[in-house]
Amino acid sequence: MRPTPKGCGFYGLFDNHPSAPRLSTKNTERGMKASNLSMTGRLLGQFTTRRILTFTHFRPFHSETQLMLSIKLLPETFMRYHRAITPRRIWNASKVVASYALSNLFRRDIRLGKPFVLMVEPTNFCNLKCPLCPSGNGDMTRERGIMSFEHFKHVFEQQVDHLLLLMLWNQGEPFINKHLTDMIRLASAHNVPTLTSTNVHYIKNRETARDIVDSGLSELVVSLDGVTSESYVKYRVGGNFDRVLDGIRLLVQAKRDLQSNHPLIHLQFIIMKHNEHEIEAARKFARELGVDRLSLKTAQVYTESDIETFLPSDEKFSRYDYTADHLSTKSKISNTCRHLWYSTVINWDGAVSPCCFDKDVHYGLGDALNESDFDQIWTGQKYTDFRNAILKDRKSVPICNNCSEGVKGMFYDIEKVEQ
234 MRPTPKGCGF YGLFDNHPSA PRLSTKNTER GMKASNLSMT GRLLGQFTTR RILTFTHFRP
294 FHSETQLMLS IKLLPETFMR YHRAITPRRI WNASKVVASY ALSNLFRRDI RLGKPFVLMV
354 EPTNFCNLKC PLCPSGNGDM TRERGIMSFE HFKHVFEQQV DHLLLLMLWN QGEPFINKHL
414 TDMIRLASAH NVPTLTSTNV HYIKNRETAR DIVDSGLSEL VVSLDGVTSE SYVKYRVGGN
474 FDRVLDGIRL LVQAKRDLQS NHPLIHLQFI IMKHNEHEIE AARKFARELG VDRLSLKTAQ
534 VYTESDIETF LPSDEKFSRY DYTADHLSTK SKISNTCRHL WYSTVINWDG AVSPCCFDKD
594 VHYGLGDALN ESDFDQIWTG QKYTDFRNAI LKDRKSVPIC NNCSEGVKGM FYDIEKVEQ
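Residues in the sequence shown are numbered from 234 upward in steps of one, following the numbering used here.
If you are wondering where the hints come from, they were derived from the structure by calculation, not from laboratory data. Worth double-checking, as some hints may not be accurate.
[Unchecked claim] Distance windows between CB atoms, simulated: (1) E390 x N360: 41 to 51 angstroms; (2) R340 x E376: 35 to 45 angstroms; (3) G597 x F382: 22 to 32 angstroms; (4) L338 x K411: 41 to 51 angstroms; (5) K411 x K628: 38 to 48 angstroms; (6) K628 x L338: 13 to 23 angstroms; (7) S561 x K362: 40 to 50 angstroms.
[As the list claims (entries may be wrong)] EDC-like, lysine to aspartate or glutamate: derived pairs with alpha carbons at most 16 angstroms apart: (8) K549 x D646; (9) K386 x D525; (10) K506 x E521; (11) K437 x D479; (12) K517 x E604; (13) K386 x D415; (14) K506 x D444; (15) K437 x D475; (16) K467 x E541; (17) K615 x D600; (18) K649 x D547; (19) K649 x D525; (20) K347 x D606; (21) K506 x E537; (22) K362 x D479; (23) K549 x E511; (24) K467 x E521; (25) K649 x E521; (26) K347 x E383; (27) K506 x E541; (28) K506 x D539; (29) K347 x D646; (30) K411 x E463; (31) K549 x E509; (32) K467 x D415; (33) K328 x D394; (34) K565 x D547; (35) K386 x E604.
Treat the numbers as computed from the prediction; the structure is a model and nothing was measured. All residues carry an ideal CB built from backbone N, CA and C; glycine is no exception.
Please take these sequences and the hints and turn them into a complete structure.
In C-alpha cells, the structure reads:
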C-alpha cells in the first residue's frame, strides 16, 4: 500500500465547529474594539471575519477542540497583530472567501483575489527520523535542499500586500535553515503574523532563544510526544528528550527576560499507542514547562504496520474507524477544500504545491522562482484543473484520501495552559 501523505492543518484559522461563527466572531470583534482600530478598520475586520467563518464547512469534531483553536488564533490575529489588518488585505480576503463560496455553489473554479495564507518550506531536511513522516522515514523522493534568504524574499514580496498569515514549515525542521529568523523579521517588518514549528533540537542556548523571541515570531509549535525519555524516543527517533526540555525552558525564559508575549508557545503532543496513557501527565508537564497552549493531536497512519504500532487502543484518540480489514476516516471526504482558494505552498526550491499533503510535489503547479509573476501560477490552467478536480471528485485525488482537512477528530483536545 502506497503511503498517503500526512497532514498539516492550519491550527484552526477557519474553524469547523458548528458554534464557531457566533463565538469566534464575538471574540474577534471584542479584540478589534480593544486594539484601538479605526471604525473603518473594525468594520472591514468584522465583515471579513464573519464571511470567513460563515462560508467554511462546519462539522462537529470530537470535543470542542476546533472551536478552541478558532477562538485562540483569530482573535489573537486581530488583538495582538492588528497592524496586519489593512483595507487591501481585508478586501482581498473577502473576495477570496466569496470566490470559494461561489465555486462550491456552481461546482467550478471561480477565483477572486489572491491567497491570504502563504506556506513556505524553509527546508525539507530533518535531524530526526520519525516513522510517520516522509522526510524522516525516507519515503520522500524529491530533492533535499534549503531555501536561500534571497529566494524567500522574492516569493514573499510578491504576495506580502495580501497576506494575513505566513507559515514557515512544510517538511523538515525549519530551524535547520540558518536564515529562518531573518525570514520572520522580514515578515514582521511588513506586519505579517508568522507561525512555525520545531522539534527544538536547534534551540541550544540563551542567544538562540532570545533571537527567536526578538524576531517577532507570532506562534511556535513545539513537538513533545512523551513525558519520559523512553516514551519520547519511540516516535522521535534520534531525538534527545532532555535537550528538548532545555530548549523549551530557554524559550520561556527568553520571553520573560525580554518581557514579550511573543511567540505563543504551543506544545503539540501526538497521541499514539505507546503514550495514550500519558495524557494527564502531559497536561501537568505543559504547566510545569510554562508553555501557553497544549494540543493533543491524533496520529495519522498509512500502512498496516503503522496501525499496529501507533494507532491508539482507545478509539476516542483516533481519527479513524478501524476494523480488521478496513481503515477509514470518521467523517466523509466532501468534494471541496478551502485551502485551494485561501492558501498556497511554496517549497524550498520554488515548486508550488496545492497544499502540504503533496509531500513529493506530484501535483506541481508552477515554479515561484523562475516564473515572472505568481499571479500567472495562481490563475493558471494547472491550478484551475486541480481545483475543478477537487470540486468534482476529491476522493479520486490520491493525496486527499488520508487528508485531515474536514476530518472529524484531527485534534482530541486543545487547551490554554494555566500556570
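Non-conforming hints, listed in increasing numerical order: Violated hints: 1, 7, 9, 10, 12, 14, 18, 22, 24, 26, 29, 30, 32 and 34; rest satisfied.
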